[in-house]
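Q: Given chain A, work out where chain B should sit, using these hints.
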Amino acid sequence: MAHDDLSGKDITAVSSADVSHETAAPGTAVVPSETFENPGFPAHRPRVTDTDPKAEKKAERQVYTFFYLSIVGSIFAIASYMAFPIEDGDTGALRLHTMMLGIGIVLALFGLGLGAVHWSKSLMANHEGIDQRHAVRGSEETRARAVEIFKEANEESGFGRRTLVRNTLLGALVAFPLPAVVLFRGWGPQDENPVELLEHTMWEKGARLTLDPSGLPIKASDVTLGSAFHVIPEGLNESEHRLEEKAKASVLLMRLDPAKLKESPERAGWSYDGIVAYSKICTHVGCPVALYEQQTHHLLCPCHQSTFDVTEECKVIFGPAKRALPQLPIAVDGEGYLIAQSDFHEPVGPSFWERSSS
Amino acid sequence: MSTVTTPETAPAPAAAPTRPSAPRSTSSRFTEAAANYIDERTSISGVVKEFGRKIFPDHWSFMLGEVALYSFVVILLTGTFLTFFFQASMAEVVYNGSYVPLKGVEMSTAMSSTLNISFDVRGGLLIRQIHHWAALTFIAAIGIHMLRIYFTGAFRKPRELNWVIGFILFILALAEGFTGYSLPDDLLSGNGLRIIDGLIKGLPVVGTWISFLLFGGEFPGTDIVGRLYSLHILLLPAILAVMLALHLVFVVVHKHTQWSGPGQTKDNVVGSPILPMFAAKAGGFFFIVFGVIALMGTFFTINPIWNYGPYDPSPVSAGTQPDWYIGFADGALRLMPPGLEFELWDRTWSFNIIIPVLILGGFIVAVLVYPFIEAWITGDKREHHLLDRPRNAPTRTAIGVAGVLFYAALWGAASSDIIATHFQLSIEGVIHVNQALLILGPIIGYLVTKRVCLALQKKDREIALHGFESGRIVRLPGGEYIEVHQPVDEYERWKLIDYNDYQPLMIRPNARGQITAVQRFRAGLSRWFFEDRIAPVSPKELESGSGHH
Numbered sequence: 001m002a003h004d005d006l007s008g009k010d011i012t013a014v015s016s017a018d019v020s021h022e023t024a025a026p027g028t029a030v031v032p033s034e035t036f037e038n039p040g041f042p043a044h045r046p047r048v049t050d051t052d053p054k055a056e057k058k059a060e061r062q063v064y065t066f067f068y069l070s071i072v073g074s075i076f077a078i079a080s081y082m083a084f085p086i087e088d089g090d091t092g093a094l095r096l097h098t099m100m101l102g103i104g105i106v107l108a109l110f111g112l113g114l115g116a117v118h119w120s121k122s123l124m125a126n127h128e129g130i131d132q133r134h135a136v137r138g139s140e141e142t143r144a145r146a147v148e149i150f151k152e153a154n155e156e157s158g159f160g161r162r163t164l165v166r167n168t169l170l171g172a173l174v175a176f177p178l179p180a181v182v183l184f185r186g187w188g189p190q191d192e193n194p195v196e197l198l199e200h201t202m203w204e205k206g207a208r209l210t211l212d213p214s215g216l217p218i219k220a221s222d223v224t225l226g227s228a229f230h231v232i233p234e235g236l237n238e239s240e241h242r243l244e245e246k247a248k249a250s251v252l253l254m255r256l257d258p259a260k261l262k263e264s265p266e267r268a269g270w271s272y273d274g275i276v277a278y279s280k281i282c283t284h285v286g287c288p289v290a291l292y293e294q295q296t297h298h299l300l301c302p303c304h305q306s307t308f309d310v311t312e313e314c315k316v317i318f319g320p321a322k323r324a325l326p327q328l329p330i331a332v333d334g335e336g337y338l339i340a341q342s343d344f345h346e347p348v349g350p351s352f353w354e355r356s357s358s
Numbered sequence: 001m002s003t004v005t006t007p008e009t010a011p012a013p014a015a016a017p018t019r020p021s022a023p024r025s026t027s028s029r030f031t032e033a034a035a036n037y038i039d040e041r042t043s044i045s046g047v048v049k050e051f052g053r054k055i056f057p058d059h060w061s062f063m064l065g066e067v068a069l070y071s072f073v074v075i076l077l078t079g080t081f082l083t084f085f086f087q088a089s090m091a092e093v094v095y096n097g098s099y100v101p102l103k104g105v106e107m108s109t110a111m112s113s114t115l116n117i118s119f120d121v122r123g124g125l126l127i128r129q130i131h132h133w134a135a136l137t138f139i140a141a142i143g144i145h146m147l148r149i150y151f152t153g154a155f156r157k158p159r160e161l162n163w164v165i166g167f168i169l170f171i172l173a174l175a176e177g178f179t180g181y182s183l184p185d186d187l188l189s190g191n192g193l194r195i196i197d198g199l200i201k202g203l204p205v206v207g208t209w210i211s212f213l214l215f216g217g218e219f220p221g222t223d224i225v226g227r228l229y230s231l232h233i234l235l236l237p238a239i240l241a242v243m244l245a246l247h248l249v250f251v252v253v254h255k256h257t258q259w260s261g262p263g264q265t266k267d268n269v270v271g272s273p274i275l276p277m278f279a280a281k282a283g284g285f286f287f288i289v290f291g292v293i294a295l296m297g298t299f300f301t302i303n304p305i306w307n308y309g310p311y312d313p314s315p316v317s318a319g320t321q322p323d324w325y326i327g328f329a330d331g332a333l334r335l336m337p338p339g340l341e342f343e344l345w346d347r348t349w350s351f352n353i354i355i356p357v358l359i360l361g362g363f364i365v366a367v368l369v370y371p372f373i374e375a376w377i378t379g380d381k382r383e384h385h386l387l388d389r390p391r392n393a394p395t396r397t398a399i400g401v402a403g404v405l406f407y408a409a410l411w412g413a414a415s416s417d418i419i420a421t422h423f424q425l426s427i428e429g430v431i432h433v434n435q436a437l438l439i440l441g442p443i444i445g446y447l448v449t450k451r452v453c454l455a456l457q458k459k460d461r462e463i464a465l466h467g468f469e470s471g472r473i474v475r476l477p478g479g480e481y482i483e484v485h486q487p488v489d490e491y492e493r494w495k496l497i498d499y500n501d502y503q504p505l506m507i508r509p510n511a512r513g514q515i516t517a518v519q520r521f522r523a524g525l526s527r528w529f530f531e532d533r534i535a536p537v538s539p540k541e542l543e544s545g546s547g548h549h
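Line by line, the protein sequences are chains A and B. For the first sequence, this note's numbering gives the first residue as 1, with consecutive numbering after it. For the second sequence, this note's numbering gives the first residue as 1, with consecutive numbering after it.
Here chain A stands alone, though its shape is the one from the complex (with noise of 0.2 Å):
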């Protein structure tokens, strides 16, 4: 810390670090043979609480006004805490709670706050104090006992001759924060295979398609043409990891005029009368990609506007994402219910490092 107990004293004084100072290379700088000299400071203007008594008393009164305020403020806090309670569960008072407790506190900071401003700017003694700065380096003969402690220190302890021990000491100190990295692989589960369960979700052959959150099974009769539904897999809501499985298995349904649905010959017979299935999670980051527009078949992720095309099997058609939204075979059981022929066909979601390797 830069010593300075001449603080606030000594005007003229120049230490001798100050020569250092004036001494540093100034670069590319131009440094002027001839400069203007500073003018020194302009004169004091003294302000009119400094001239005037009455104005002077004004203030002051001003001042222990707004203490005043502040103490009033604190006290209205605390008698508003038990004057509206919000006990009852109605929002109405809960917001009148909220904004009287806030006002009294508000007060009181306000109060506090613009009293200690208004003293210290219109009372206080306000003439120009002045500090000298010293160069931040250290004055040589600090340097030079610096380096001379280093060198003694060094002799006495043998840390630059016996480099062996020098070094096994370095290795020593790299070495023994490494079991601590370790121990971190706690935060992941021991026994599961991050690849393996990204690559498949709760559906499976003849899984019923329900509805989100509800989970009642879905009629394909129920679906009509230009309608979509938020479709989770039967089971969901009572499976232990709920969440963890919903965040893969959501599923978007639609029904389109199949005529014009655009179908490669390997999905055949993945749709059911222009019935289809997409997976939810956006290919992307994995938002839900919620927003459906039913005019241009279009859906759209809310969060990075990835737009993907519902008649051309989900394919991007705009934003940040690259992979078509991965589709879900789905097929009629004798109840007439929607059901799932299989799991998706490649792993949902946000694209990983491993994952074309599946």
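Everything labelled a hint here was simulated from the structure, so no lab data went into it. Glycine is no exception: its CB is placed at the ideal position from the N, C-alpha and C atoms. Since no wrong hints were added, every one of them can be taken at face value.
Derived coverage of chain B by chain A (criterion: at least 3 residues anywhere in the stretch with Cβ under 8 Å from a Cβ of chain A; other residues may be distant):
no., region
1, 94-105
2, 120-126
3, 198-206
4, 218-226
5, 314-322
6, 341-354
7, 497-504
These stretches of chain B come out as covered by chain A in the derived footprint (C-beta under 8 Å, 3 or more residues):
no., region
8, 382-393
9, 421-432
10, 523-535
Below, computed lysine to any residue pairings styled on SDA-like, alpha-carbon distance capped at 25 Å:
no., chain 1, residue 1, chain 2, residue 2
11, A, Lys205, A, Glu238
12, A, Lys57, A, Val72
13, A, Lys57, B, Ala279
14, B, Lys495, A, Phe41
15, A, Lys121, B, Ser61
16, B, Lys266, A, Glu34
17, B, Lys54, A, His44
18, B, Lys450, B, Ala535
19, B, Lys157, A, Ala146
20, B, Lys157, A, Arg143
21, B, Lys103, A, His230
22, A, Lys121, B, Ile288
23, B, Lys54, A, Ala135
24, A, Lys315, B, Arg347
25, B, Lys54, B, Met243
26, B, Lys54, A, Met124
27, B, Lys266, A, Thr35
28, A, Lys57, A, Ser122
29, B, Lys103, A, Glu87
30, A, Lys315, B, Leu425
31, B, Lys381, B, Thr265
32, B, Lys495, B, Gly467
33, A, Lys121, B, Asp58
34, A, Lys121, B, Leu69
35, B, Lys459, B, Thr265
36, B, Lys103, A, Leu211
37, A, Lys262, A, His345
38, A, Lys262, A, Leu225
39, B, Lys103, A, Arg95
40, B, Lys381, B, His247
A: Quick look at chain B alone, frame taken from chain A:
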């Protein structure tokens, strides 16, 4: 009237123990005894002597850092209150509190306890909202404070390291903001975490595993809120507090910068002493900052999680927005052109993730190292305690404006959907305009700013040499009309002429007669910085030029 009164000229009123003392009141005897008791056990008189009259210069722009500091104090106070009620657990419960629309809904304990803070704890909602507003104020104040430091050149020697520390504080504040925002486990913050999960998974080699470690398995898991809570209330605040202390220690070591002005030189600090003036003003200012934040917490709803509901991976509302300070990162994701993901060597390369991460990382590093780059270009090894007016460092100012516009384009992109719906534009159009702005904005901003700075410098020169236009037209005996110029006084002139002026670096062969590539590069940068320089008025110029008008 003396222009400067210093403590030296005032007679020392300190009571020497030997002096026969006049009869004193009980309270002053008590004060003396208490002070003596404490000093004999702490040596605190030395601290008072060292810092009691330390001088702080006065300027409105120096208060920006104070705003950041004070809002941090508000965050600590309100945050501590919240910890007494918040439960950082993701165990599923059925909500049964006072907020009727969510009664019977399954949610995490974190969400339910946050609802309890809002609806069942008296003053809980107020404190929660003050906490959130204080956090937003904290980050905004740091950002503006950094801009002040940058545009006035306050990062120059000896303050480069404090710039780095301050920058780390900014990053820590962002991390605090994001971790805190995620704690209630509501729908909006859960979507934010989902994006983080997707972002991490897209990173090459380590992404999948880092995501699994962070979330304790598959997203969302049941660990993340508890882990973020440890970070939010323990680890990050501890690091932040240490860095903040270090930041302030350096402010004391370096003493505060000041503007150049009459009587204000590079070797002094002119302002008010800590006791009493600065302490009263800064202390009062703390309460005003606290008051403004409390006012926002009282009247303006922030983060109404009860409207969003608990996190569920399936629903999401249109117009999802992160808190504003994360916007630049979200915007970077949005502005990526389509199709940037490839399968190569049996692995997935998500350049739609990697590129924004690199761009943001590059931007952050550029801000971090700027002081060292400028110091290398100028080669200036002197200490700088006088601030630059932005116009007097045209290239630096222009680079700063370019950086601000780059950030602004990313930030604006985070609201692309809101802009599109509010102004009835197509989302594609908004994104494309934003993409163009990201590249063209900084370039145009740079060129315009540099020209504006140079023009202002020329105007300053003109005024220093010839004075202000007085508006008085005089007809000379010969029939010529002139406008009389009013010369500036020496105080006014000093502010116009006292600044650092650099020349472009001249390339010179080194001792072995070679010109190295590094030197060429440095000279090129130096030319870029300083070739348009406008030199300050010299006394000779003033003498020869003042008779012209």
